[in-house]
Amino acid sequence: MSALINRFGRRSMLGLLGAAGIGAAAGCARDYTQVGGSAVPARYRGRLHLIAWHSFASTTGEALVAIVDRFNASQSEIFIEPQYQGSYEETQQKLSATLIARQIPDLVVLSEVTWRAMHLADALEPLEGYFDTDLQPSDYIEQFITEGTVKDHIWWLPFARSTPLFYFNKTLFRKAGLPDRAPRTWTEFRQWAPAIKRQKGGGNAVMPLALDGGYSAWYFQGNMWQWKARYSDGLDIRLDEPNGMAAVTWMADFVHKDKAAYLSPSSSVDFGNQAASCALMSTASLAQTVELAKARKFDLGTGFLPEHETFGCPTGGSGWGILAHAPAHRKQAAFEFLKYLGRPETSATWTMATGYLPIVKKAQQDPRLVDLIKKDPNFSTSLDQLPKARTQDLARLVIPDASNFMDDAFETLYSSGIAPTTMFKQLAKKMRRKAELLEDNYRAHYE
Amino acid sequence: MTASTPSLARGGEAPTTAVVPDRSSTRSRRTLRRRGYALFLAFIAPNVILLAVFAYWPVVYNGYLSLTSWNLLSDTKPFVWFANYTDMFTDPEFGMVVLRTVIFSGGIVIISIVLGLLVALLLDQKLRGRNLVRTFSFAPHIVSGAAVGTIWLYIFDPSYGLLRQLLGIVGIASPAWMTDSFWALPGLIIVYVWKTAGFVAVIYLAGLQGLPSDLYEAARIDRAGPLTMFFRITLPLLSPVTFFVVVTSIIGSFQAFDVIAVMTGGGPGTATTTLSWYIYEQAFQAFDAGHAGAAAMIMFVLLVLITSAQARFTRNRVHYQ
Amino acid sequence: MTAPVTLSRTARSPITRRDDSRHSGPRQSIVVKFLLYLGLVVVGLAAIIPIYWLLSSSVKPSGEIFVFPPRWFPTNFHWMNFVEAWHSAPFGQMYINSVVITVLGTVGEICVAVLSSYAFVFLPFPRKNLIFGIFLGAMMVPGTVVLLPNYMTVAQLGWVNTYAGLIVPGWGSVFAMFLLRQHMMTLPTEITEASRVDGAGHLRTLWSIVLPLSKPMVVTVMIVTMVSKWNDFIWPLIVTNTDSMRVLPVGLLMLKSDEGYTDWGAVMAATCFVVIPVLVVFFFAQRQIVAGLTQGATKG
Chain Z
1 MSALINRFGR RSMLGLLGAA GIGAAAGCAR DYTQVGGSAV PARYRGRLHL
51 IAWHSFASTT GEALVAIVDR FNASQSEIFI EPQYQGSYEE TQQKLSATLI
101 ARQIPDLVVL SEVTWRAMHL ADALEPLEGY FDTDLQPSDY IEQFITEGTV
151 KDHIWWLPFA RSTPLFYFNK TLFRKAGLPD RAPRTWTEFR QWAPAIKRQK
201 GGGNAVMPLA LDGGYSAWYF QGNMWQWKAR YSDGLDIRLD EPNGMAAVTW
251 MADFVHKDKA AYLSPSSSVD FGNQAASCAL MSTASLAQTV ELAKARKFDL
301 GTGFLPEHET FGCPTGGSGW GILAHAPAHR KQAAFEFLKY LGRPETSATW
351 TMATGYLPIV KKAQQDPRLV DLIKKDPNFS TSLDQLPKAR TQDLARLVIP
401 DASNFMDDAF ETLYSSGIAP TTMFKQLAKK MRRKAELLED NYRAHYE
Chain R
1001 MTASTPSLAR GGEAPTTAVV PDRSSTRSRR TLRRRGYALF LAFIAPNVIL
1051 LAVFAYWPVV YNGYLSLTSW NLLSDTKPFV WFANYTDMFT DPEFGMVVLR
1101 TVIFSGGIVI ISIVLGLLVA LLLDQKLRGR NLVRTFSFAP HIVSGAAVGT
1151 IWLYIFDPSY GLLRQLLGIV GIASPAWMTD SFWALPGLII VYVWKTAGFV
1201 AVIYLAGLQG LPSDLYEAAR IDRAGPLTMF FRITLPLLSP VTFFVVVTSI
1251 IGSFQAFDVI AVMTGGGPGT ATTTLSWYIY EQAFQAFDAG HAGAAAMIMF
1301 VLLVLITSAQ ARFTRNRVHY Q
Chain E
2001 MTAPVTLSRT ARSPITRRDD SRHSGPRQSI VVKFLLYLGL VVVGLAAIIP
2051 IYWLLSSSVK PSGEIFVFPP RWFPTNFHWM NFVEAWHSAP FGQMYINSVV
2101 ITVLGTVGEI CVAVLSSYAF VFLPFPRKNL IFGIFLGAMM VPGTVVLLPN
2151 YMTVAQLGWV NTYAGLIVPG WGSVFAMFLL RQHMMTLPTE ITEASRVDGA
2201 GHLRTLWSIV LPLSKPMVVT VMIVTMVSKW NDFIWPLIVT NTDSMRVLPV
2251 GLLMLKSDEG YTDWGAVMAA TCFVVIPVLV VFFFAQRQIV AGLTQGATKG
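Chains as they are written, first to last, in the numbering used here: chain Z, 1 to 447; chain R, 1001 to 1321; chain E, 2001 to 2300.
Bear in mind the hints are in silico, worked out from the structure with no lab data behind them.
For each residue, glycine too, the CB sits at the ideal point set by N, CA and C.
There could be a bad hint or two in this list.
Said to hold, decoys possible - Listed next, with one range per pair, are the computed distances between beta-carbon atoms:
no. : chain 1 : residue 1 : chain 2 : residue 2 : range
1   : R       : ILE1172   : Z       : GLU436    : 24 to 32 Å
2   : Z       : THR421    : R       : LEU1127   : 55 to 63 Å
3   : R       : PRO1078   : Z       : GLU188    : 29 to 37 Å
4   : E       : CYS2111   : Z       : GLU439    : 49 to 57 Å
5   : Z       : ARG174    : E       : PHE2073   : 48 to 56 Å
6   : R       : VAL1301   : E       : PRO2126   : 40 to 48 Å
7   : Z       : LYS361    : E       : PHE2073   : 52 to 60 Å
8   : Z       : THR33     : E       : TRP2079   : 50 to 58 Å
9   : R       : VAL1102   : E       : MET2080   : 40 to 48 Å
10  : E       : TRP2079   : Z       : VAL65     : 53 to 61 Å
11  : Z       : PRO387    : E       : MET2080   : 39 to 47 Å
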């Protein structure tokens, strides 16, 4: 049977290849159409119907939908339909897949990683020309608007921006006889670990630190800088230099020798259930964690990331892009929505509902936000940390699939006996190989 | 099993069973036959077209993609000859993927078959309640993989899971399962065995119940023990069933996807990245059509080799009266 | 494999043919009996406990889900999980989609399978068994291998995120055709010949004679096909991109991918949405499913 298939295959191979070529050429000639949407509610009928893909579920998703509803009610020409597409990565996967099918949404939420892939694929519209007196690029917090700007074009507008935060359980710290604050340095945290492990939770010793597998390379970007190391300089991979090796070795020892940190199925669940005393999580988890702490009756503390030789903290999260292949009037309408999101009051509302950082400077003076910070100082931690946070090293952001396979490498490190230096050497090798393939396209877009 | 119809293994060589045109017909045999040919083509046409487009063409197209370096988004598909293959064969990570797939599939197939056969022998005894147990053991087979993954993720949870409690009863500390690079793959094998063993058992049971009794009578007169009877009579007679079960479960485990997607996403790290997950990851996460295509071709070739080797092995070993 | 094919022409279901003379040896001792029953209980529990665990967790309040030791029996039934799950994603629409895809997909595949199996059994063609072999070869092309190329094809056809894109690629039939052919080969050929003398065309023969005679197998194949379409995951995951087209298993994944603060009670309830219809069908139709599948396996 197999021989038969082979024969069939070989004989018809050329003819079929030709057919494929014709098919592909025919495909390219087709115009891009809008992805499917649902029926427009009666009161918004007759408006321009735009589709916005996003990655926010549960309370965060509800907050976004509420903002979209207010936008729809605030004017009479545009109707935005938000569609949840899964995680940032899943959203990008869906976007790429529909681009192949010549379909596009109008607006899409892209993470600090995924927007760069879409930019390299020429799928995004440059936005600098759409600004007017209502909203100027300079209204945004500078780190954020700069991150979305390449060669003087703005490709990506900030929205759900975050940094990692150090979350800790004050109640457990008190029981363990520790100070009422986050550890200042990793060394200090290591000294505290034995006292934490003497506490009990859920029948087990409380673990000092829960680590997530997802986005582990984002969190570790902080560690790299704290050890005065970096993932890369541009596309030049530098993670396997001595400082980087020291950073990863320290963490591996913290996990395997001290048994003070571990790879958790979900660090937020373990932290909420007090199985772990501390967790590295995004600022975006703040609102939900505050609720969780209240429900489980413990005091929540937040702090800056621990230092080592110096301080280091990456920015992350997501923003909006407009798809380049859409007709001009749709793109213009889509930008109207982004302008609405850039209003200080919208930005403040979003921050209060989620814990994401405000994206425009003026939002920080919003009285409601000022009030909230006074009531719960945890909401100010991320704002205070922000000026010290930076855009990540470029390799993780631009090399195709890098954020994914870097996470894999860190997961392997945390969950197996692999030597940290071996893991970093393998990772560096893989990144160099992929960086090489990217080089021409990178030059064309970035230099 | 006194008789067998043409099997999966040798479908291609099955004896012709065509209807002989009616002899009393006055019409010439030739026109009748020609009409029959045309009808045959018309009847199989929908299936031919569908399978050609959605089963065979993809193999050809994958073969082509595997020779290109295409990121799915650009308009050009640069032709790179065998660069993807050499890249993968020199990449120790891909070697691990293949090895892992072999362990994963081998583990599932061997354990399911041994367990399934044991369960079938048990259900073949005259025991009260065996019909209920048969129903229970088959049920996991029809539950959606996405649901199975969700259920077991909760059962495996190292802090709150059922398995932690059950292991605790016998004094074993629960491993971290899905967040432990060593235990994640065995964990997935457990889940798939749970899902397939009952199916295997039910198939074997039917095979057992179709076995002729006279051979056993003869063996009993020869004072053969139960173990001898099992290995000398039962197992050889069941070999066509074994072939069916082995082939279907190899194919099934090779394309295992939904449970992995829900439980581990190929992780932690790459600890549960099987060929099937690798192809998906390369195609729809890394947008590397070349590597995805090459991996798909390797998987296809592996399956064809394994199936035909199995067919040959079975043909030489199968015992018929 | 030299047995003459004609022997199998006498239709005989292995599941109903009991032959207990194999067990008529010396009487089993009490100890053996006990061990056998113990084994039976262990097998039954191992198979059913995870399913029980799903059902019981789906009515646990969230406070009882993350506790150790886990609760075997929910203390109070928290039906709100089902309400919350239902509202957390458009499950109503997903139910409709799953039903449409399952029904149309099954009907289409069965039609295709019946036509081609009839042709392979009752119509003449040179070397048709070779052609049948080529058909069977498609079984060796796994779903993951065809994923990307089929997506490209469906994209070319403009079928992404449509019912057509979800359904049509699944109409091509190998396994169902195989089972039906095996069954039709057990039918006496005289019937079809007699009917042709009466001037009945092949389509009528198929409809009024062969199909009624194959009813048990058609039912089996239909149920098996329905279950697999209902559970299908990877293809709907790839080919849909709006909630208005997604099916239940994909919706389940979307619910779970909500990072971190997963409400497990609701997830378990949503899992029940997917599982319960299949379990109900199974417990009513298990005899047909098992009989049909085993016939394909043991006689194939």
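Against the structure, the hints:
1. For the hinted restraint 24 to 32 Å between ILE1172/R and GLU436/Z, the CB-CB distance of approximately 48 Å leaves it violated.
2. Between THR421/Z and LEU1127/R the beta carbon distance is about 59 Å. The supplied range of 55 to 63 Å therefore holds.
3. At roughly 53 Å, the beta-carbon separation of PRO1078/R and GLU188/Z lies outside the given 29 to 37 Å, and the hint is violated.
4. One distance hint, 49 to 57 Å for the beta-carbon pair CYS2111/E and GLU439/Z, holds here, with the actual separation near 53 Å.
5. Checked against the hint of 48 to 56 Å, the pair ARG174/Z and PHE2073/E fails, with Cβ atoms roughly 36 Å apart.
6. At about 30 Å, the CB distance of VAL1301/R to PRO2126/E disagrees with the hint of 40 to 48 Å.
7. Separated by about 56 Å at the C-beta atoms, LYS361/Z and PHE2073/E satisfy the suggested range of 52 to 60 Å.
8. Against the hinted window of 50 to 58 Å, the Cβ-Cβ separation of THR33/Z and TRP2079/E comes to about 43 Å, which falls outside the hint.
9. Remark: the range hint 40 to 48 Å for VAL1102/R to MET2080/E is upheld by a beta-carbon distance near 46 Å.
10. Evaluation of the 53 to 61 Å hint for TRP2079/E and VAL65/Z yields a failure: the beta carbon distance comes to about 26 Å.
11. The hinted range of 39 to 47 Å is satisfied by PRO387/Z and MET2080/E, whose Cβ atoms lie roughly 44 Å apart.
Checked against the numbered hints above, the structure violates hints 1, 3, 5, 6, 8 and 10; every other hint is satisfied.
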